[in-house]
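What follows is each chain in one-letter form.
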Amino acid sequence: MTAGANRETVTPSSLRLVLTLAIAGLISGIAIIGIYESTLPTITANKARELREAVFKVLPGVSQMQALVYRDGELVVVEEAKKDEPVVYGGYDDSREFVGYAVPAAGPGFQDTIAILYGYQPAQKLVVGMEVLESRETPGLGDKIYKDAEFVGGFSALSIDPEIVAVKKGTSSNANEIDAITGATISSKAIVRIINETHTAWSGKLPAPGSEPSIKASEPTSAEGGQ
Amino acid sequence: MKQRDPDLLLFHAPLLRQGMTTPKAMRDVLLALAPATLASMWFFGLSAVLILASCIGGAVAAEWLFADRQARGESLRDASCVLTGLLLGLTLPPGLPLWMAFLGGFIGIALGKVIWGGLGQNLFNPALLGRAFLLATFPIAMTTWVPAVTDGGFLQVYPGNLALPFMQVQIDAMSSATPLGLMKFEQEVTPLTNLMFGKTTGSLGETSGLLLLLGGVFLWLRRDLDWRIPVSILVTVVVFSAILGLFDADRFPSPLFSVFSGGLLLGAIYMATDPVTSPVTPKGAWIFGIGTGVLVMLIRVFGGLPEGVMYAILLMNAATPLIDRYTQPRVFGRGGDSQ
Amino acid sequence: MKNNQSYEEFIKGVWRDNPVFAQVLGMCPMLAVTNSAVNAVAMGMATFFVLVGSSFLVSSFRNWIPKQVRISCFIIIIATFVTIADYTLLALVPKVHKELGAFIPLIVANCLILGRQEAFASRYPTRLAVMDAVGMATGFLLALFSLGAVREILGDGALFGVKLFGANFEPWVIMILPPGGFLTLGVILLFFNWFKFKKDEFLEDVAEAERSGH
Chain A
148 MTAGANRETV TPSSLRLVLT LAIAGLISGI AIIGIYESTL PTITANKARE LREAVFKVLP
208 GVSQMQALVY RDGELVVVEE AKKDEPVVYG GYDDSREFVG YAVPAAGPGF QDTIAILYGY
268 QPAQKLVVGM EVLESRETPG LGDKIYKDAE FVGGFSALSI DPEIVAVKKG TSSNANEIDA
328 ITGATISSKA IVRIINETHT AWSGKLPAPG SEPSIKASEP TSAEGGQ
Chain B
242 MKQRDPDLLL FHAPLLRQGM TTPKAMRDVL LALAPATLAS MWFFGLSAVL ILASCIGGAV
302 AAEWLFADRQ ARGESLRDAS CVLTGLLLGL TLPPGLPLWM AFLGGFIGIA LGKVIWGGLG
362 QNLFNPALLG RAFLLATFPI AMTTWVPAVT DGGFLQVYPG NLALPFMQVQ IDAMSSATPL
422 GLMKFEQEVT PLTNLMFGKT TGSLGETSGL LLLLGGVFLW LRRDLDWRIP VSILVTVVVF
482 SAILGLFDAD RFPSPLFSVF SGGLLLGAIY MATDPVTSPV TPKGAWIFGI GTGVLVMLIR
542 VFGGLPEGVM YAILLMNAAT PLIDRYTQPR VFGRGGDSQ
Chain C
4 MKNNQSYEEF IKGVWRDNPV FAQVLGMCPM LAVTNSAVNA VAMGMATFFV LVGSSFLVSS
64 FRNWIPKQVR ISCFIIIIAT FVTIADYTLL ALVPKVHKEL GAFIPLIVAN CLILGRQEAF
124 ASRYPTRLAV MDAVGMATGF LLALFSLGAV REILGDGALF GVKLFGANFE PWVIMILPPG
184 GFLTLGVILL FFNWFKFKKD EFLEDVAEAE RSGH
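Protein chains in written order, with the numbering used here: chain A, 148 to 374; chain B, 242 to 580; chain C, 4 to 217.
Only chain A is shown next, with the shape it has when bound in the complex (with noise of 0.2 Å):
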């Protein structure tokens, strides 16, 4: 068992080989745990502050926000959603008075699932705000549907009664007409049927304008999950 030159010539024990790799495993799974306590503080708070950031940004005058889940027939607040629980964050202003709802969405686009959020105010029915979240779509052609400031401007305030309808550019006219992009149709569709699903499949949930939950915390909620 002497190391260096037998090495090569006698075949070690069998408990020999166990302890080798039992004890390399040791310390690899101490070194995870630690970089991993480490580093969650940070990675939490970044996702909570992307999400922050992107349901400020959604809907307009919003300071606070706190996530909301539709269980036994009625919106409830939640510190965190449970996985694969459709949420929706509630943005408050100021003076605590409700704003709206940033909903967050996803669907098929060109080329892979397009995750979305978009604000809604409810009284009057309007989309307020759209941020792209996730998208694989073709550089130079669909990702204009993040890039192009003139589409993702187009949500500031549209009519989402009864739906939202992409037409060709240039030629929108109604309340709830947004221009789509030329060379990018598809993915600008796809963003516009996202939104009108998205709505469809909430619009029984949400409570009548006027009665929505109000805010719990007066600090900002750390609020996370939902992805």
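It is worth saying that the hints were derived from the structure and are not from the lab. Incorrect hints may appear among the rest.
[Unchecked claim] Straight-line Cα separation of at most 25 Å, DSS-like style, residue types lysine-lysine; simulated pairs:
#1 A:229 - C:101
#2 C:98 - A:194
#3 A:294 - C:166
#4 C:101 - A:204
#5 A:204 - C:199
#6 A:194 - C:101
[Claimed, not checked] Beyond 10 Å from chain A on every Cβ pair, some chain C residues (computed):
#7 20
#8 26
#9 121
#10 148
#11 189
#12 196
Cβ atoms here follow ideal geometry from the backbone N, Cα and C, with glycine treated the same way.
Dock chains B and C against the given chain A, drawing on the hints supplied.
For chains B and C alone, kept in the frame of chain A given last:
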């Protein structure tokens, strides 16, 4: 490997010459394309001349740059790179910036031909490879179509042509849709006479169906092309769209519209028949043609793009070695299967 | 003499035996994450960290690791470093981490890293092993960067996100798509080999001239 002594230059067989040579066949094809080329200049004015010249310039530059120093004149003499440049140019939109056209010609020869080992070694049609590169690289510029010259006459140049190298096309309000685009996205049918004589929006060479057919007949009479390929492609497209028409005549294009719209005639007659990238056996030629026709219709009708001739031919190019292998005639004097 | 040898181990990885241009290893991250210079450099640094760290450990423990379980031990060591790199990037630069996606965990499967452990680190003293790892990782980083820079300049008209050509630049979309990776790598390999070929030819000519001169 190095042969610097001119007395020791080796030539490979065949040493006996027949009437038909590569340069001669290439010149025939260039001649057959002349009417369609002139027509493109008639419709698109000076822009057509500039685009075609840029493509040919790019192709010749690549051929010259990558050729062996001793054989430079030799590889240029057969004019095949000129033909590649011309064919590529005819598939481009008339408003394309000239630097893109030059780049397309260069890439077509560099990646489509030289890198495979030169003329006769390439798997894909160089002109179509250049076009595929341009379409993937500059998707907007390559799908911005301008209508044929209406006023201003021959000397008018589309503003897009003159974009500085690496700079964008300023998309002008003049852009309009091709007949296939209109059909696919707006359900609007272009009259057939316009398609035949060329009064449509489209790339330089795909506007006039009749002149392209004329060149095809000339090539067939000169025995420069395998007639099976264009015939089988066109017949397949006609049959395919006739069958679709049985289901819903309003939604799907009519057979004649399918044949005369887009780049089908240009592709079927001049590109699919490239002897290097199409099967050599008669049976193989039929398979190749039918496959191309089916792919064209599948892409046009069910795909995301309005036009599918380029991808159809490139895909069948890739299948050509396989087709050739399975359609070899039985070797005489041997029993059973030749394989 | 000793310094010479470590320099030798370093420089061979950077140039002569460059893991990408000469050995054509690690193609998966090479093609997948080089669509911008930032991504390429982040990937290169992560790989640098993993390779140097694991080479150091493998070489230090080379006399304790029985040969029968060496591959498993190497993988455990590499995987640990990869996990550390993964969490660190996620905490420090979440945006880059999102772009690199699955390719950070996949460093563990990069044949360059396991290859260096098996071929070099497990046989040589620690100092040489670390020099070799630093050289190889630098070579890999340079290769990733050159690919990422070319692709970002052509595909986006920018380098490290700084626009180089003004607003009117026409991006070569294909360059930031997967085919652009293959095209750029092919062209760079072409130049690398052409350069080598020219150098050999030159050396041959010099040798010939010397022979005929005497």
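Each hint, compared with the structure:
no., hint, result
1, A:229 - C:101, "holds (23 Å)"
2, C:98 - A:194, "holds (11 Å)"
3, A:294 - C:166, "holds (15 Å)"
4, C:101 - A:204, "holds (20 Å)"
5, A:204 - C:199, "violated (54 Å)"
6, A:194 - C:101, "holds (12 Å)"
7, 20, "holds (26 Å)"
8, 26, "holds (27 Å)"
9, 121, "holds (15 Å)"
10, 148, "holds (20 Å)"
11, 189, "holds (20 Å)"
12, 196, "holds (30 Å)"
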